[in-house]
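Engineer: Take a look at the letters that make up each chain.
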Amino acid sequence: MTDQQCCIAGVGITASGSHEGRSTVSLNVEACRQALADAGVEKDLVDAVYVKFPTSRLEMMYGVSMAEALGVDGPTIAGSWDQGGASNVSMIDQASQAIRSGEIEVALVCGADNPRTGTRQAYEKAGGIDAVHGWAGVAPGYAMIARRYLHDYGLSADDLAPFAVAARKHGAANPAAQLRKPLTEEAYREEDFIVEPLRRSDICLVSDGGAAVVVMSTARAAELSVGNPVPILGIGVAQEARDVARRTNLTKTAAGRSGAQAFAAAGVTPEQIDVAQLYDCFSVVPSMTLEQYGFCGEGQGPAFARSEGIEQGGRLPINTSGGLLSETGMPGMQMVIEGVRQLRGESTSQQPGASTCVVSNQGGIMTTHATMILGVR
Amino acid sequence: MNPALTEIIDGLEPLERVRWDALAEGSVQFQRGKACANAWLPAREDCPACLASEWEWEKASGKATLNSWVVYNRAFSAAFKDQVPYAIALVQLEEGPSMITRMQAVVEGATPACGDPVVVSTVEVDGMRIADARPVGD
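Quick mapping for you: the protein sequence lines, in order, are chains E and B. Under our numbering, the residue at position 377 of the first sequence is numbered 379, and the numbers go up by one with no gaps. Under our numbering, the residue at position 128 of the second sequence is numbered 138, and the numbers go up by one with no gaps.
Next comes chain E alone, as it looks inside the complex (with noise of 0.2 Å):
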């Protein structure tokens, strides 16, 4: 094993919303087609292909489906990761490791959902004794979570509003958000709890959609000549082995343990942060990410967000394409593709300057934790 570092070399994302009739197959070619023209980089130099497991349906061998759409004749590795939203990174991390070995040189890594047009039956089947008392959904176990959080540092739901109105000024700012609608702070408390503690600004969209990155060393991307290779600082994994109905610490999740790797792995602090993209499939769920990566002290999310300022232009800008709440509720590879935006300087919400982004990525209801950390000189 060399320590070489790796890089994104290219990004693909398809457009959001509703790809009515599309397979999750055909929308993971897209967004690695876009990848590949991105980086400059032929297809027959792939040698692994790692995709995110589809949550909407669920389907055997897809990985090697994938390789097989794809083209990519006698992969060294292709295979699928099934850890929700932090499959993303985390599968980022294994291809890392897997170039750093030698066992590969160039990764496709993606993932596509399309529960929008098509079936949504992973989410909805509700099943178990659990369910039978009425526990039935993704959201409740957030707000589940919420509550508590909000009870054990003294908060209102009010005080998640900074991170939904953020995510949404970003989001309109973008062409290619499915959400462009700005939400102030008036209309945020004034919509009804949907699953109280949570209110519908405070939960992700729908969508279909698919998204892919190209990784490889830094020393490949130079000798390819890759246009404009994001290096990547350092990667951070860790979860919970336990379902959020059993878990006695609701408040303490894998995002610590998760971040400190990664930021050690990196050699940074979070002060030297510029930018972040923090996994949002529920407002609360950046507060507590900020938190547990020592932005901040515990209870402090909210209050950061006011202080230091968590929007274009503030100490922190965080989902600067509109993350989960507004750009698409895809699972998490928006996030990565964003902070290659802002450090090619190519966002549309762009931070002056950025040179160093932490991404957040997590799976299930606050139980799979992936963080990578992006910078350039």
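Bear in mind the hints are in silico, worked out from the structure with no lab data behind them. All C-beta atoms in this analysis are idealised placements derived from N, C-alpha and C, irrespective of residue type, glycine included. Do not take every clue at face value.
Chain B is faced by these chain E residues, among others (derived, beta-carbon under 8 Å) [stated by the list, open to error]:
hint, residue
1, T78
2, G129
3, A133
4, G136
5, P142
6, L252
Given chain E, put chain B in place with the hints provided.
Structural biologist: Chain B alone, transformed into the frame defined by chain E:
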């Protein structure tokens, strides 16, 4: 009974079915390993602490702590479309295991705080008995 709810009940795994049958008798149960005395939920074949497969059912005392609770203003499953609004609690039994229960008191106007002591027993909803957490003294 709502047909979607019947489908959920029909799909219960064998050990969950035992818990569900016990609820019908008014009993909230969990598992305890014979070898290491670990207590656990959800129901599973082997002890997640010592991995032994010798265990027995134990009736919960009912004393528990409210970890958190939510109110469903919208049904997330067709099985409960006629029951909204309803409240669900995550409680930790004094014996250790955590579990999901209803919290009828909330719909009746109670505003419990996370960390409050609760009593877990059973209530009848839509023709069957399920676990319910009630604030102590309520």
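Engineer: Going back to the hint list, which numbers does this structure go against?
Structural biologist: 1
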